[in-house]
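Colleague: With chain A held as given, fit chain B onto it using these hints.
Chains as they are written, first to last, in the working numbering: chain A, 1 to 309; chain B, 1 to 342.
These are calculated hints, taken from the structure and not from any lab test.
Derived DEER-like restraints, expressed as beta-carbon distance ranges:
1. B/70 <-> A/289: 48 to 58 Å
2. B/59 <-> A/231: 25 to 35 Å
3. A/231 <-> B/282: 46 to 56 Å
4. A/145 <-> B/64: 52 to 62 Å
5. A/198 <-> B/290: 27 to 37 Å
6. A/195 <-> B/70: 27 to 37 Å
7. A/194 <-> B/6: 29 to 39 Å
8. A/117 <-> B/125: 27 to 37 Å
9. B/297 <-> A/217: 56 to 66 Å
10. B/8 <-> A/217: 28 to 38 Å
11. A/198 <-> B/268: 35 to 45 Å
12. B/8 <-> A/214: 30 to 40 Å
In this text, all values refer to a predicted model and were calculated from it rather than measured experimentally. Glycine residues also receive a C-beta, built at the ideal position from the N, C-alpha and C atoms.
Chain residues, written in single-letter form:
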Amino acid sequence: MVAVLFAISVLVFLIFNVIPNSDPAARIAGKNADPELIARVSADLGLDQPLYVQYLTMMKQIFTGQLTSYASSQNVVEQIWKGLPATLSLCIGAAVLWMVLAIWFGYLSAVHAGKFTDRALTILSLVGISVPVFWLAAILLYYLSFKAELFPTSGYVPLSRDPLDWAYHLILPWLTLAVLYVGFYSRVLRSNMLDVMNDDHVRTARAKGISERQVRIKHVLRNSMIPVVTLFGLDFGAVVGGGAILTETVFNLNGVGLYAGQAIGTLDLPPLIGVTMFGAFFIVLFNTLVDVAYAFLDPRIRIGEAAPV
Amino acid sequence: MSPILEVDDLRVRFTTQDGVVSAVDGVSFDLAAGEVLAIVGESGSGKSVTAQTVLGLTRAPNATIEGAVRFGGKDLTALDDRELQSIRGEHIAMVFQDPMTSLNPVYRVGDQITEMIRAHRDVSRAEARDRAIELLRTVGIPNPERRVRDYPHEFSGGMRQRVMIAMALSLEPEVLIADEPTTALDVTIQAQILRLLADLNAERGLAVVLITHDLGVVAEVADRVLVMYAGQVVEDASVDDIFYDPQHPYTWGLFGSLTPLDAPQHSRLPQIGGAPPSLLSLPPGCRFAPRCPHAFEKCSQAPSLETRAATGHLDRCWLEPAQKSTLREVDGRIGLRQVVSL
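So that you can see chain A by itself, here it is in the shape it has in the complex:
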């Protein structure tokens, strides 16, 4: 985990340094600055040091919470902390929504495979997968917020201030973010379920005399969830760690994603490194959690148990 984070930070750092026209000193010093001014700004920011020294300084700052933005002189770690509630609210809500809908749709699709319900859901999920987030967000905003005035257009209300208002403001962002995953997951679940339905143990379950509904839920759906949970762990980490940038930007949610978006716009290295590390941390964290969850979902991969007798 530490190795992965290290590799990612080095990569981002190096990529940033080879991007043309990215010298922050030149940008800060302004247009038409004389070389002397640029050199002074460079020295201030420590940019005249060798790359590895710059890198080490930056890492030290991240872990001591002292990393500051080149562009705004704000503390990066504080900014990320400030954006965290909005980002987590968005991501967790969307994740709950997409899992519930995906399981429901995938289940219906598999159970009615080949029939109208299945076809309708197939089309719907393909649309969901294909629709770009910025387009969907714009459409939802235009029709539901601007025209119909059903929802607020943007902004984030902290959960602690007013839970109802919090949810009210987040419904459209949740929907926007969830649509892609609902489509994708319901497809995956459907095909898994159709595979599992042909398994021998499902026939055994049916021969036991339990109801068809129980066969489907306890035996087919349960066994089909294993790959879906894997995907979920990876995707959820990725969404928290950067997948929500577009959604946050469109809905003007003051989260980590919006912060990252602004940093990209100004080619501001410290926030970019900070946000990337933050994202990478979540992705790696959820990867690990998936491995743990796997052992619970599939007893066959639990280690340290007795060998077959």
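Modeller: Coordinates of chain B only, in the frame set by chain A:
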């Protein structure tokens, strides 16, 4: 004694992209209480489909099921799903071919047994669990109190099949359908499982339908034998009649395919020439005729299953019973002469 399970002119067809597959074509048999009936035949002969259709497990949108399966005064083929569920497990239980895949890998074996008990009986979790432990002990699983908490992958193949049998017995059914219960197991384990089935039959009067392609298994435990070929019963007789006076050339072929222990090394293993007909397009007359070295003109008409040799011995062969005792003799054993031209 009246039979407890009657299968009457059962026909199962599946509509597939390639056409209509006639998997079972007019199979009838009676099963008396305490009887062991073996259904023998090669892969694709319709024996598994017959067995699964008894419990309605072949019901599917593309399946057509005709005929009747009578049990306890009801025709099981006409029951709705809910009524059928009350028969499954409770009165007729089933053990499947591959114990490696027939248990759900994500649940403890104890939970898989108690699930079945609790689906039919109003008992507490603890009672069901005690019952599961008792059952595992009955089928010879050592240390059942601990094993009940294990997952299927922690059992060997033979032990898993014992678990399957324990599960099938959990509600004390009248009929056990065992669909090739020993095929996936080692020979030594096979014998143990058969012994277990035979004991259960003897001790509890459990009627067993044993699906197999292994004549050794049949000799060991069966009372009566149905030989199936291409979806039809071609011979139906007591186990003694099948072994000492087989009437159908296909049955001879099955005997001929047993490798004798005294066969010279490196000799070609005996087999029945040709391949079974496609169930999509069956030959018009006797279905075995294309592979039968004894076929003659009459075989272009389909023979019916009737008594030809002795009472209680049915077969589907046009040959005169008197001719058969010489025709089936190959090298001093029962067998089918090789068809040379192919």
